[in-house]
Amino acid sequence: MIPGQHELTPMENFMEGIWKQNPIFVMVLGMCPALAVTVSARNAIAMGVATTFVLVCSALLVSLIRKLVPKEVRIATYIVIIATFVTVVDYLIAAISLEVYEALGAFIQLIVVNCIILGRAEAHASKHGPVPAVTNALGMGLGFSLGLFALGSVREILGAGKLFGFSLFGPDFQPWVVMVLPPGGFFVLGAWLLLFNWLRNRKSAEAAPAAGAKGQRT
Amino acid sequence: MSGESRPMATPPAGPATTSTAMIATLGLVATLCGILIVSAYQGTLEAVSANKRIVLERAVFRVIPGAVRMKSFYASSAGIVPAEGPQPKEGVLFHAAYDQAGQLKGIAAEGAAAGYADVVRVLYAYDPARQAIVGFGVVAMRETPGIGDKILTDPAFLKNFEALDVSLTADMKTLANAVKTVKHGSKTQPWQIDAISGATVTSKAVGKGINDSAQRLLPLLVPNLGRLETAG
Numbered sequence: 001m002i003p004g005q006h007e008l009t010p011m012e013n014f015m016e017g018i019w020k021q022n023p024i025f026v027m028v029l030g031m032c033p034a035l036a037v038t039v040s041a042r043n044a045i046a047m048g049v050a051t052t053f054v055l056v057c058s059a060l061l062v063s064l065i066r067k068l069v070p071k072e073v074r075i076a077t078y079i080v081i082i083a084t085f086v087t088v089v090d091y092l093i094a095a096i097s098l099e100v101y102e103a104l105g106a107f108i109q110l111i112v113v114n115c116i117i118l119g120r121a122e123a124h125a126s127k128h129g130p131v132p133a134v135t136n137a138l139g140m141g142l143g144f145s146l147g148l149f150a151l152g153s154v155r156e157i158l159g160a161g162k163l164f165g166f167s168l169f170g171p172d173f174q175p176w177v178v179m180v181l182p183p184g185g186f187f188v189l190g191a192w193l194l195l196f197n198w199l200r201n202r203k204s205a206e207a208a209p210a211a212g213a214k215g216q217r218t
Numbered sequence: 001m002s003g004e005s006r007p008m009a010t011p012p013a014g015p016a017t018t019s020t021a022m023i024a025t026l027g028l029v030a031t032l033c034g035i036l037i038v039s040a041y042q043g044t045l046e047a048v049s050a051n052k053r054i055v056l057e058r059a060v061f062r063v064i065p066g067a068v069r070m071k072s073f074y075a076s077s078a079g080i081v082p083a084e085g086p087q088p089k090e091g092v093l094f095h096a097a098y099d100q101a102g103q104l105k106g107i108a109a110e111g112a113a114a115g116y117a118d119v120v121r122v123l124y125a126y127d128p129a130r131q132a133i134v135g136f137g138v139v140a141m142r143e144t145p146g147i148g149d150k151i152l153t154d155p156a157f158l159k160n161f162e163a164l165d166v167s168l169t170a171d172m173k174t175l176a177n178a179v180k181t182v183k184h185g186s187k188t189q190p191w192q193i194d195a196i197s198g199a200t201v202t203s204k205a206v207g208k209g210i211n212d213s214a215q216r217l218l219p220l221l222v223p224n225l226g227r228l229e230t231a232g
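Respectively, the protein sequence lines represent chains A and B. Mapping to the numbering used here: the first sequence position 55 is 55, numbers consecutive. Mapping to the numbering used here: the second sequence position 58 is 58, numbers consecutive.
Hints are not guaranteed to be accurate.
[To be verified] Residues from chain A that keep clear of chain B, each with C-beta distances beyond 10 angstroms, as calculated:
{"#": "1", "residue": "VAL80"}
{"#": "2", "residue": "TYR91"}
{"#": "3", "residue": "ASP172"}
[Stated by the list, open to error] Chain B side only, calculated, beta carbon under 8 angstroms to chain A, not exhaustive:
{"#": "4", "residue": "MET22"}
{"#": "5", "residue": "THR25"}
{"#": "6", "residue": "LEU26"}
{"#": "7", "residue": "GLY27"}
{"#": "8", "residue": "VAL29"}
{"#": "9", "residue": "LEU36"}
{"#": "10", "residue": "TYR41"}
{"#": "11", "residue": "VAL55"}
{"#": "12", "residue": "ARG58"}
{"#": "13", "residue": "PHE61"}
{"#": "14", "residue": "PRO65"}
Honestly, the hints are just simulated from the structure, not real lab data. We put the CB at the ideal spot given by N, CA and C, even for glycine.
Turn these sequences into a full structure, and let the hints guide you.
Structure (structure tokens):
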């Protein structure tokens with residue numbers, strides 16, 4: 001427990017990753033898969049589920065053995081654990097659907113070096129019991145998946161005129177091909193970040209006059 | 001990283017960790033992880049190979065309409081052997097497709113060549129009776145959507161593979177005419193592939209993939225075709 005920080009309720013702990021510390025839109029972590037695989041909503045969800053699986057499993061194991069692991073070898077231990085679950089999820093995806101496996105390509109293996117996972121293991125799971133660790137990891141995984149879905153759905157709608165493979169606008173729609181190419185990933189991410197920052201600024205601007213008035217009085 | 005700010009105070013000096021504890025921890029975690037990985041591998045092995053088989057069958061039946069069964073073989077200078085066994089030296093993999101009555105419908109084989117973004121892996125259907133390629137599909141590609149991936153949808157391009165001539169020379173050592181991709185609109189011979197205008201690199205990859213594969217496979221396959229008619 002960090003001094004000066006109040007203990008989060010389980011709900012706050014879970015919601016942290018979804019809103020306040022969203023890996024994609026607030027912490028801007030894990031950008032490599034976020035930009036590379038989000039050409040369609042289906043790929044985005046598959047990647048989100050795979051990452052959530054690794055996040056939750058590694059958080060649970062790291063939390064369970066947290067008192068056993070000497071701090072000198074903790075990073076090595078966490079990486080071995082994360083790499084293990086990535087290998088497991090790699091086999092599982094190939095067993096479930098080869099199509100998804102081919103579409104995600106090397107980015108499944110690259111989950112090993114996704115900074116959200118090691119970040120959570122180091123900053124949260126290694127300091128908390130299994131239940132809060134898993135709750136927090138689930139929230140982070142869900143927040144990451146939602147972020148990927150926000151990117152993937154917009155890119156698929158604009159870049160292919162489809163959502164989950166279903167045609168939305170009929171045959172006359174001319175797809176914005178750039179949206180499914182790498183630059184499109186940056187455009188859409190930039191647009192989402194713009195929207196969230198605008199919302200946040202508006203919220204703090206609403207709060208500011210009240211705080212300013214209070215400041216003058218004292 | 002996580003947004004939690006940590007004061008940089010030095011922690012109270014605890015008892016030093018012994019080397020044995022560090023090695024024991026790493027050893028224990030590695031063993032546990034090893035067991036997890038191996039069980040996941042063993043547990044999914046059957047499903048993964050079944051999946052691969054289904055994907056391959058679907059692709060083969062798409063390029064050879066009417067086929068309902070397929071068998072994979074290696075063609076080598078020593079003859080044709082079933083693909084279940086070990087791959088012979090210089091062996092080329094191909095798939096024989098049969099219809100309901102067990103009649104040979106065609107041969108499917110894979111070719112690959114570098115495209116615009118990555119290797120383009122194609123699957124083509126060979127009709128032994130006409131000595132021609134009569135079907136075409138893509139196994140894997142990462143070509144530009146809307147440009148390179150037109151090789152799968154462009155009707156004019158697909159027309160190239162209705163009867164692409166790959167007949168062998170009289171001594172059956174090589175193709176009589178190498179398969180070649182030519183500039184859009186300049187196809188004059190049955191062994192030429194008319195490129196898609198604007199997607200020449202991908203079109204050329206298709207031609208090169210088919211040519212390289214057919215040059216290796218057909219001289220080994222055609223002299224032994226008789227074996228396949230009965231293998232169904």
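Tested hints:
A cut-off of 10 angstroms between C-beta atoms contradicts the statement that A/VAL80 is not in contact with chain B; the least separation is 5 angstroms. Distance to chain B contradicts A/TYR91 as a non-interface residue, since its nearest Cβ pair spans about 4 angstroms, not more than 10 angstroms. The non-interface label for A/ASP172 is consistent with chain B: the shortest C-beta to C-beta separation is roughly 15 angstroms, beyond 10 angstroms. At a threshold of 8 angstroms, the smallest CB-CB gap from B/MET22 to chain A is about 5 angstroms, leaving the interface hint in force.
Interface restraint check for B/THR25: the shortest CB-CB distance to chain A comes to about 6 angstroms, inside 8 angstroms, so the restraint holds. Hint status for B/LEU26 relative to chain A: holds, with the closest Cβ pair at about 6 angstroms, below 8 angstroms. The interface hint given for B/GLY27 is violated, since its Cβ lies 10 angstroms from the closest Cβ of chain A, which is over the 8 angstroms cut-off. Annotation: B/VAL29 was flagged as interfacial toward chain A, and the flag holds, the nearest CB pair being 5 angstroms apart, inside 8 angstroms.
Because the beta carbon of B/LEU36 sits about 5 angstroms from the nearest beta carbon in chain A, less than 8 angstroms, this interface hint is met. Look at B/TYR41: its Cβ gets to within about 6 angstroms of chain A, closer than 8 angstroms, so that hint holds up. Restraint check, B/VAL55 versus chain A: the minimum CB separation of about 5 angstroms is within 8 angstroms; hint holds. The criterion of a C-beta within 8 angstroms of any C-beta in chain A is not met by B/ARG58, whose closest approach is roughly 10 angstroms, and the hint is violated.
Taking 8 angstroms as the C-beta contact cut-off toward chain A, the hint placing B/PHE61 at the interface is violated, the least distance being around 16 angstroms. For B/PRO65, the interface hint is violated, since its Cβ never comes within 8 angstroms of a Cβ in chain A; the closest pair sits about 22 angstroms apart.
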